[in-house]
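Dock chains B and R against the given chain Z, drawing on the hints supplied.
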Amino acid sequence: MASNTFVSRRRAPARRTAERRAAAPERQRTLISPAQLARPRGRAVYWTVFALVTVLFTVAFLGPLYWMVTGGLKTTQEAVQSPPTLFPTSVHTENYSRAWTVMDLSRLLFNTLYYAFGALACQLLFDVTAAYSLSRLRPVFGKAILGMMLATLMIPATVLVVPQYLTVLDMPIVQRNLIDSPWVIWLPSVTNAFNIFLLKRFFDSIPRELLDAAAIDGASPLRTLRSVVLPISRPILGVVSIFAVVGVWKDFLWPMLTLPDPGGQTLNVGIYSLANGVPENVLIAALTIASVPTLIVFLVFQRNIMSGLTAGGLKG
Amino acid sequence: MSAPTLSTGKATRPRHGQPRTARPDSAREEFVRALRRNLSAHGFLIGAVLCFSFFSWYPMVREFILAFQKNENGRTTWAGWSNLSRVVNDPAFWQAWRNTLLFTGLALLLGFAVPFVVAVVLNEFRHGQGYLRLLVYLPVMLPPVASVLLFKYFYDPGYGLFNRILEVFHLPAQQWLQSTDTAMLSVVIAATWMNMGGATLIYLAALQSIPGELYEAAELDGAGLLRKVWHVTVPQTRLILSLLLLMQIIATMQVFTEPFLLTNGAGPEGSTTTVVYLIYQYAFNFNNYGSAAALGLVLLVVLAGFSAVYVRLSRTSED
Amino acid sequence: MRSAGFRRHRRTRRTSAAALVTALTLTALASCGTSSSGNNNGGGSGGGSSDPSAPLDPKTKVTLSIDCMPPAAKAAELREWNEDIKTFNKKYPNVTIHGKSTPGQCLEPPRFTAMLKAKSQPDVFYAYFTDLEQVLDNDGAADISAYVNDRTVPALKDIQPQVLDVARKDGKLYALPTSNYTMGLMINRKLFTQAGLDPDKPPATWDEVRAAAKEIAALGKGIAGYGEYSAGNTGGWHFTATQYALGGDVVDSTGKKAAFNDATGKQVLQQLHDMRWEDNSMGRTQLLKWGDLQKQIASDKLGMFLAAPDDITYMVQQLGARYENFGMGPIPGAQGTLFGGNNYMIKKGSSPDRIKAAVAWLNFKNLTQGKGQFDWARTKADQLPVGLPQPNFFLGATKAKDDAERVANATMPVENFKAFMDNPVTGKAEPPKAQEIYKILDNAMSGVLTNKNADIDKLLSDAAKQVDQVLANQ
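Keeping their order, the protein sequence lines are chains Z, B and R.
Residue numbering for the first sequence follows the numbering used here, starting at 1 and increasing by one per position.
Residue numbering for the second sequence follows the numbering used here, starting at 1 and increasing by one per position.
Residue numbering for the third sequence follows the numbering used here, starting at 1 and increasing by one per position.
Hint data in this document are derived by calculation from the structure and do not stem from the laboratory.
Please note: incorrect hints may appear among the correct ones.
[Said to hold, decoys possible] Pairs of lysine-lysine residues, derived as DSS-like cross-links and limited to a Cα-Cα distance of at most 30 Å, are as follows: (1) R:Lys169 x B:Lys70; (2) B:Lys70 x R:Lys465; (3) B:Lys70 x R:Lys119; (4) B:Lys70 x R:Lys257; (5) R:Lys172 x R:Lys100; (6) R:Lys266 x R:Lys214; (7) B:Lys70 x R:Lys117.
For clarity, every value in this text was computed on a predicted model and none was experimentally measured.
Bound-form chain Z, shown alone (with noise of 0.2 Å):
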């Protein structure tokens, strides 16, 4: 499943989109047969439950959407009326810049971009440098590291919440208060070991004769990584970057902890703390507000994000 989607990322985007079109005649074969879907009746039911499922999604989910951008138009009183009106009745733009300023939105996108971003970061310095170390350089104990990597996969992360939180109050040995510090965002973020797991995975799957061909002009393991295994590596790097944006951008105990300071929150937690403090219709404008960002990113990338995904397989 993984490989036709890395296959298509690779491709030049001009041959991409030319491809694309020409592929669409010959679409694989799937649970119903062309035949069945040619007959006329075939075709009416294809068509009923294609207009049905069409109108039932767009409903299911760009309906909420819309309550949400028509519900900060609202005065206060219709925002919680009952019962709810499809159409704002007088129409309040400024419930929006009140949601901007007094939410202060601004801080928050900051924050979360700057949270996220500073994860990669991390992630892409530090993962991709222990992935292709245990997949090429081999140390000793590198299996046992790997294993012990792995297996907090299988511990999720919020059971270890307690500890990890008092771990961060008072870091052993280097004697560090990390709370209300990007860095208590950061760091964690690297123990990702599914992305360790999909970077090695892909490094072990490098030719050889490639590697061999560095190592035989004296290039060092640094310059290996880069200048021949990190240019073929781009489509799993996206996956990962994908990963580690979406993980801080989705995250809510942790930040909730860990970044008390109002002036350092992140959106998801900055919302929470101020919903109390607004009337409803402010609030559902700053949601709205909230949302755009991520759905403009959302749907520039939504292929690139979509197939990444995909082919990250598990995980999102």
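Showing chains B and R alone in chain Z's frame:
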């Protein structure tokens, strides 16, 4: 294709790390080379290993230690089994487990089956697949707090949208989150809406790798739609299905955010109190880290049990 | 649970932390700009008197860090704070006060816990009345009994004894109060008038509450007559208040047994159940926690709920409500009421001079009639609210003077709070292990409010069993 792919990973895996240029008298040289290789290898590893040590391995050890300690009047002392017995004797313990298992069960029923059915249906569509996939995946990208609060509004028995919809169809209004009977179900529905996109996409990818001939063969045997699904689609995606199943069990057993935000934690008569919420309460509201760690330990053991059973099952089924 | 407002402000980031992501983990850890756990304790030079009961010698050089300074967003409060420091420094020119402001609430439990665990609290730190146990378990506060007397805190004898009692453990004093509250019945005057009720006479008994709630709910449009919490440990908190109001108790005098599984406890739940299910006067949305009812009453969707007077400030400043719209009466039943509040503690390990300086500052800022927070003329001039019944922890002559000044400078119709002021109800402290007990009682509250067929006896006996267990585990 000359470039490697994930799926061919195992085939080209080299046996040894370094090419051997065998020279008989170079044992010493070999050693120096091995040493250098190891030094740089561990240099590459150190960052991740340190992070794992600080944020995974050490906390794991500490979890065990904490579970047997208590904190009183500024002194930390050994508590023996008292934390554990306290946790187990707390009536909320069994309730939290019942709720967590209920959530897991419902989440599997909905969060596991629904995406599969959706994927199977979407995979048949010759049109608009991109749009529909986009829709299904949309909620995954929303900040979870936004989605959850959204559902909180929809569920409101007074002004909420859902009761309004029921009313339009002349169905009886529901209490949703406000009743012991439906609270957990409501949480699961919201969670499924939020998270089904990921699983759907993975199933879709798996479905696309099923060879079409299998369906043709089944049709020759006179199999109908459902039998084709049961005898071709399900077996062909079994690996992915079972992997996702385990992942989902592990993920849903640590559910926290959804009930925490939807029902302010406990829910009607505690009916949405989950194990992780109980851990949170012990540690951060009652300042009782010992009990929190003890409960974490119990959860750890249960999840490890699930993982072990899973590994067993997947081994025997491979044989 | 108490909120001092959620306003936020910009704050310069620690940029040093952003520096190099490429550094190795250890270097990274070492370079990050967070405060390390050890504060420079015992600081403060100069030779003050060695007698702890003597006031601070003005010649002593001391620096004090203190939290809960108003954030920049609260410009007027911040200006008052700085004025007060200036005035204070006229008498004590050698005391340097470093205020730390927190946007939003001064105290949020996770942050507070973290602070105590890491021992990173400032020299003088803000706490709730109920935090003492937790602070002492973490060895966080200094015993200030010897430093607090009539010379250092002249109004000491006029401070309500119960407000000081909550700051004591085993006879030792650990904190000085800044504010207090007792719970009463908050009403929405507009809805009272609309429903044909007299907003100047809030219901005084639970039967009257029930009747009034019915009238208000009859206004329709999703308006609830009476509102109550049942989640986030606030349901148990209000159960306790109602139980006290009816003359009941939550934990018996030995502190080892639950005391609410009785006729009073049953009455508390039964009347809520009846209002919710028989009268339909409590709205359909339940599982509410602190903040939810404030929103409802601020948007005229709720007629009454149990609250402390300072909730009004919150509703006006955060939710855009108006002072005139609210009134308060004593808690119905009036046999007793829950009281709580905030105080300041001094970090354990502080030098005697530092403790003296802290006591001097706290006395000036928070405990002197006509000065600091009780300078009502200035508060009015700064267009901040004057006239709320609380904080008000004075007795005798000090109280009389303070009350008179409050009325003279009032910025809101104080007669709306007359019923509350004229009928003071004896305050009663929260039970031991309050949060754990509240969590258990949340279940009983959500039970009657979400289940029409709730078995009240069973809810109470189950809760009592669990509370007994919590108390036995102390």
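Okay, the hints, checked on the actual structure:
Annotation: proposed proximity of R:Lys169 to B:Lys70 holds, straight-line Cα distance about 20 Å (limit 30 Å). As the CA atoms of B:Lys70 and R:Lys465 are separated by approximately 23 Å, the hinted pair is consistent with the 30 Å bound. Of the pairs offered as hints, the one joining B:Lys70 and R:Lys119 holds, with about 18 Å between alpha carbons and a cut-off of 30 Å not exceeded. Under the criterion of a C-alpha separation no larger than 30 Å, the hint pairing B:Lys70 with R:Lys257 is consistent with the structure, at around 23 Å.
Between the alpha carbons of R:Lys172 and R:Lys100 the distance comes to roughly 27 Å, so the proposed pair stays at or under 30 Å and holds. Straight-line distance between C-alpha atoms of R:Lys266 and R:Lys214 comes to about 21 Å, which keeps the hinted pair within the 30 Å bound. In summary, the hint linking B:Lys70 to R:Lys117 is supported, as the alpha carbons are separated by about 14 Å, within the 30 Å threshold.
Going down the numbered hints, you'll see the structure goes against none, and every one checks out.
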